[in-house]
Each structure stands twice: as C-alpha cells, then as structure tokens.
Amino acid sequence: MGLLEAIILAVLAASTPLLIAATGELVAERAGVLNLGVEGMMIVGAACGFGGAYISGSIIVGAISGILAGAALSLIFAMMTLGLAVNQVATGLALTILGIGLSGLIGSRFVGEKITPAPHLHIPGLTDIPFVGRILFGEDAFVYLSLALVVAVWLFLYRTRAGLVLRAIGDNHVSAHALGYPVLRIRMLAVMFGGACAGLAGAYLPLAYTPFFIPGMTAGRGWIALALVVFSSWRPARLVVGAYLFGAVTILQLHAQGAGFGIPSQFMSALPYLATVIVLVLISRARTGGSTAPAALRTVFVPDR
Amino acid sequence: MRKLLIATTAVILTAGASLFGASAAEKLKVGFIYLGPVGDLGWTYQHDLGRLAMVKEFGDKVETTFLENVSEGPDSERSIEQLARAGNKLIFTTSFGYMEPTLKVAKKYPNVHFEHATGYKRDKNMSTYSGRFYEGRYIQGQIAAKMSKSGVLGYIGSFPIPEVISGINATMIGAQTVNPNIKIKIIWANSWFDPGKEADAAKALLDQGADIIMQHTDSPAPMQIASERGKLAFGQDSEMIKFGPKAQLTSIMDNWAPYYIARVKAELEGTWKSEDEWGGLKSKMVVMAPYTNMPDDVKKAAEETETAITEGKLFPFKCPVIDQEGKEVECKGGDHLADGQVLSMNFYVKGIDDKIPGK
Chain A
1 MGLLEAIILA
11 VLAASTPLLI
21 AATGELVAER
31 AGVLNLGVEG
41 MMIVGAACGF
51 GGAYISGSII
61 VGAISGILAG
71 AALSLIFAMM
81 TLGLAVNQVA
91 TGLALTILGI
101 GLSGLIGSRF
111 VGEKITPAPH
121 LHIPGLTDIP
131 FVGRILFGED
141 AFVYLSLALV
151 VAVWLFLYRT
161 RAGLVLRAIG
171 DNHVSAHALG
181 YPVLRIRMLA
191 VMFGGACAGL
201 AGAYLPLAYT
211 PFFIPGMTAG
221 RGWIALALVV
231 FSSWRPARLV
241 VGAYLFGAVT
251 ILQLHAQGAG
261 FGIPSQFMSA
271 LPYLATVIVL
281 VLISRARTGG
291 STAPAALRTV
301 FVPDR
Chain B
1 MRKLLIATTA
11 VILTAGASLF
21 GASAAEKLKV
31 GFIYLGPVGD
41 LGWTYQHDLG
51 RLAMVKEFGD
61 KVETTFLENV
71 SEGPDSERSI
81 EQLARAGNKL
91 IFTTSFGYME
101 PTLKVAKKYP
111 NVHFEHATGY
121 KRDKNMSTYS
131 GRFYEGRYIQ
141 GQIAAKMSKS
151 GVLGYIGSFP
161 IPEVISGINA
171 TMIGAQTVNP
181 NIKIKIIWAN
191 SWFDPGKEAD
201 AAKALLDQGA
211 DIIMQHTDSP
221 APMQIASERG
231 KLAFGQDSEM
241 IKFGPKAQLT
251 SIMDNWAPYY
261 IARVKAELEG
271 TWKSEDEWGG
281 LKSKMVVMAP
291 YTNMPDDVKK
301 AAEETETAIT
311 EGKLFPFKCP
321 VIDQEGKEVE
331 CKGGDHLADG
341 QVLSMNFYVK
351 GIDDKIPGK
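Chains A and B are the protein sequences, given in the same order. With our numbering as the guide, the letters of the first sequence map in order to residues 1 to 305. With our numbering as the guide, the letters of the second sequence map in order to residues 1 to 359.
Quick caveat, the hints were computed from the structure, so don't treat them as lab data. Heads up, a few of these hints could be off.
Unchecked claim - List of simulated lysine-lysine pairs, DSBU-like, C-alpha gap at most 35 Å:
#: 1; chain 1: B; residue 1: K104; chain 2: B; residue 2: K313
#: 2; chain 1: A; residue 1: K114; chain 2: B; residue 2: K183
#: 3; chain 1: B; residue 1: K104; chain 2: A; residue 2: K114
#: 4; chain 1: B; residue 1: K149; chain 2: A; residue 2: K114
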C-alpha cells in the first residue's frame, strides 16, 4: 500500500463522521432551526451505539441504537424550541451539556470494553484493483453510506415537493403557514433527522473508528460539523467538499509532522480551522446571489391558532 | 398537602444532617480533584484506583469525595475551595494545571492539607508528588530498538512540556544503547485526549514506516491501531493489553495507591508534613506492566534494566548527555543530570532528527 493511498484511506475515515453529522444539521437548518446540540447528540449516539453493539454483538444494532438515541435527544430540543418556543441557541448549548453528562452515565458500564469494529468491505475483483480498489470499495460501509446519504438529501431538497416545502419553511415560515403547511410538524421532523444523523455520526466513532467507548470521545467533532454547514453555505454538494477538505488537512498535518517538515505542530493543528476561515472568506467574496443562510433560521415561530 | 411535604422534607434533611454531622466528626474527609472522567482508562482512572485502594486500607476511618472533569486553570479554584469548605482535611489535586489554584486555596485554608500532582510549587500545607515516568521510557526505548525491524520508532506526544520531552529523550537514549542509528518520528496531537486524532497519528506514523508505536497521550486508540495493523506498541498510564493482546510490549503504569495510603496514614496520625515526592520504579509509583509479545532474551534484558534502575545502579540521564547540536549538557547531579534539569528539560538529545515545536 503506497503512502498516498494510505493517506486517502485515512482521510475518508476521518471525514465520514463530520459529513454525516453535518448533513443532518443542514436539513434542520434548511427548515429554519439552528440546533447547536450536535456535539451532545453525537456523544450520546456514541455511548448508545457502542452499548447496542456490545450487548447485541451486531454493528447494525449499534448503528440503529445510535440513530435512535440521537433522534430521542433531538426530540427534547424540538419540544423546547418548537413546542415552547424557547431560544434555540440557549437550548442547543444546554443540549450539548446534557448530552455530555448523559453519555458518561450511559457509557460508564461500557468503559474498558471493546468490540469488533465494522468490517472493511471486500468485493472480490473490485477491491483488489490496484490503488483505487481499496479506496472505492475497501473502506467500511459507513463511508459509502454517508455519501449516499448526501445524495439522498440533495435529491430530497431539490427534486421533491416535500423538500421544496421544507426549504420554504426555512425561508419564510409565515407564508408557508399561511399556505397551510404544518410548519412546526415539518420542523420537528427535520430536527429529528438532524438528531438521527448526529447519533449515527457519533456511533461511527466507537463502531468503526476507534472501537471502544470513552467519555468525551467525540472531542469537538460536533462543533466542526456545525461549522461545515455554514462553510457549505447550506448546500449538500459543498458539504462533501468541506468535510473532505477538513479531513484532508487534519490527516496531512499529522503526516507533515511525522515527516519532520519543521513547522511548529501547534500551527499545524490549527490549520484545519484556518482553512475553514479562509474558505468562508472566499465564499462570501465570490457569492453571486447564491444560496445564503435560510432566512428564517433561528427565528421562533408561534402559529396563530 | 404541599406544606406537609415541605415540612416532612425539612425534618428528614435536619435528621440527615445531624446524622452525617455525627459520623463526619470521627471520619477523616479526603477530597480529590480529577481532570478527566474516572472512566478515562488512563490518567484519572489510575488516580481513582489509588483512591479506592486507600479507602480499602482505612475502611470507615476515612470518607472520600471526588470531583471529576474539572478543567484546569482558574475555574478549578472553585472546585478545590468547595472541597475545602465541605470539611475535607486532605485534598489531592491531580493535574499540572491545578498548581496555581491549589496554591491560592491552600493560603486561604491553612488548616487543610493539600497535595498537588506533577507540579513544582509548595507551601507549608501543600505538598507535591509525581512519578519518574522517564525511567520506564528508558526501558521501553531499549525494548523498542530490539523489536523494531525498520529501525524507526513512532512517538505520539501530547504537548511539548518537559515531562513529555524528557520521556522522548529517555526513550531515545535507551534505544541508542541497542541501536545507535535508531530513528524516531514524533507527532504532536496537541491534546491529552482525543481518541480519533490519536488513532490518526498512529496510522500516519505506521504509514511513514515506523513499526513500533509509543504514546504520551491518554487513550488506548494508538494501541488498537497498532494491533489492527499487526504492529507493536506500548501502553500509557494503565494496563492496555486488552486493546492489543498481540501488540502491547509493556506499559508504564502510574501507581498512586502506596502514596495515597502513606499520606492519609500520616494525616490520621498527625504527622503530615509538606514534602516533595518524586517516585519512580524504586518506590513503585511507576510500575511496568508485564513484558509481553517479545522473545525471552529481550524480556530478560528489560527486566535487568528495570532492576538496575530500581537499585540505583543505572540512571537514564547518565552523563554525558549530548544535545542535538552535539554539545554536552552540563552535569549538575554528579554522574547524572540533576532532578531539576529533568523537570525543566527543553532540548532534544542527539539522534532526534526533529525540532521541539515552537522552539
């Protein structure tokens, strides 16, 4: 296995949890809801995902447990911000704190245990193709499912009526409401989709990346996912670019250190974030009437009954 | 109904308080401040094992409280003070970043005794304690050099602080006794704990040709990656063999139990004094996990080195110590570097083809 191939494989794995979590958050934000609790939902997804897989012995059960846990936590957020019209920013931050505590509690009995991680795919013939085989057909299934997820979300948002309604609600909930669309119900579903994705992204860490559970193992990836949504200017295709770019810089800086390029490692560690800032600036400068933030993002909607 | 409830609660609370008050008077209350969760499998986990062993030793003579996930820096002051105010007479603060806050609270509560891990500031009622982890690193360096086929070691560092740098140097000096041309690749995670990043760093090191993984970060992720790739690795802080049954060569384990028992005993007997304890293999504050996954001759050599260090016959930083520029480091400790030089180490030894970040 060549060095370049090894680097690409590492980048794929490192980017996957970011991509999954960011895709979910993108849908929620497109519906006009900013959920800052991604980190909290991710870590609870990690704890429950690991627990599910450890008890059942099945990675699929683990992934489903993670999804359900993330969705359940986001339901609390939905009830607060949609049902009771509480401030979204404050509730999201509270959700993160709650999630970190909750995951420690749920995960405490699983600490120190280990599971067999999700297997790397092996399709006879295809996986064995030199260089591209391992990359295109040889990672764990989550890597390819995450890309399928982005395509599905893109199709949903831009090629279905329901997607159009969701975007309309995110841009102008009053008009959507006047047209008879169930604003709060759709927002709730969008938030739960976001939660489910965050839960799956969290579960990916103990199921495939580092197959054990330790409190705090998401280590800020939820926040990066949030930044990626802004980075993508709320477009799924750009999200893929952003997630892989971020993953690539993260992995490359480690390789640069190992190769002894002599650049201070503190600077290298900051590089992924620096790259995000630079791209944000470029996007905002190059914007020609393209998609910006959903107009109704973060605003509270109370229907007149 | 509601009034009744309140009244009942009040009665229960008062009764409870008086009960606890009575029992607390007889018990020595001991507090602990932890950096991570007790289940981190590394640093904090080992401190909690020490606490539990101490509780087992003294039974109902002591009552312990711990606060976990206390972030370093000024915020920890509140947590430390909270323990002092709650009547704890002996308080252990178990991370470097609690140094200044502990000192401040110690000045405020002269009748409470404080114990700070890995720091260097003391007071009448504040001791310090730490482990000579570099002794274990020297042994690991020798094992690594013997076991490496590529002659390249992979080292994952947390932050470039003296404790970590002295560990890298001790590893290299140990390795050079076996193979003078040994190479080391160093990647800084700039975090004590980020399993994903630690795993990525381990992958990068292996992909670049290292075949032994050594870490000074706290999660078992690098061990797992080495195990997955069929390579060898050393654990950190605790026994990590579960995560790499065919990979772990040994592990430097922090063993705080004897110290915690000794200090609580002194407190109970009224003989507690402010001290500076820097224990190594000899005092068993640093313990090596069983030597595994290596041929018998390597194991025997490792055991001999361990014995020599324990008996004070071998010093990892034996003079002359040569730095990267080929200059001899001033020898302040007789035939080896003085403790102060190790505690403030800020240079790489000869043979490390890298620079300390930010230097």
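Status of each hint after checking the structure:
Restraint check for K104/B and K313/B: not satisfied, since their Cα atoms lie roughly 40 Å apart, outside the 35 Å limit. Annotation: proposed proximity of K114/A to K183/B holds, straight-line Cα distance about 33 Å (limit 35 Å). A C-alpha spacing of about 42 Å is found between K104/B and K114/A, which places the hinted pair above 35 Å, so the restraint is violated. Straight-line distance between C-alpha atoms of K149/B and K114/A comes to about 29 Å, which keeps the hinted pair within the 35 Å bound.
Hint violations for this structure: numbers 1 and 3, all remaining hints satisfied.
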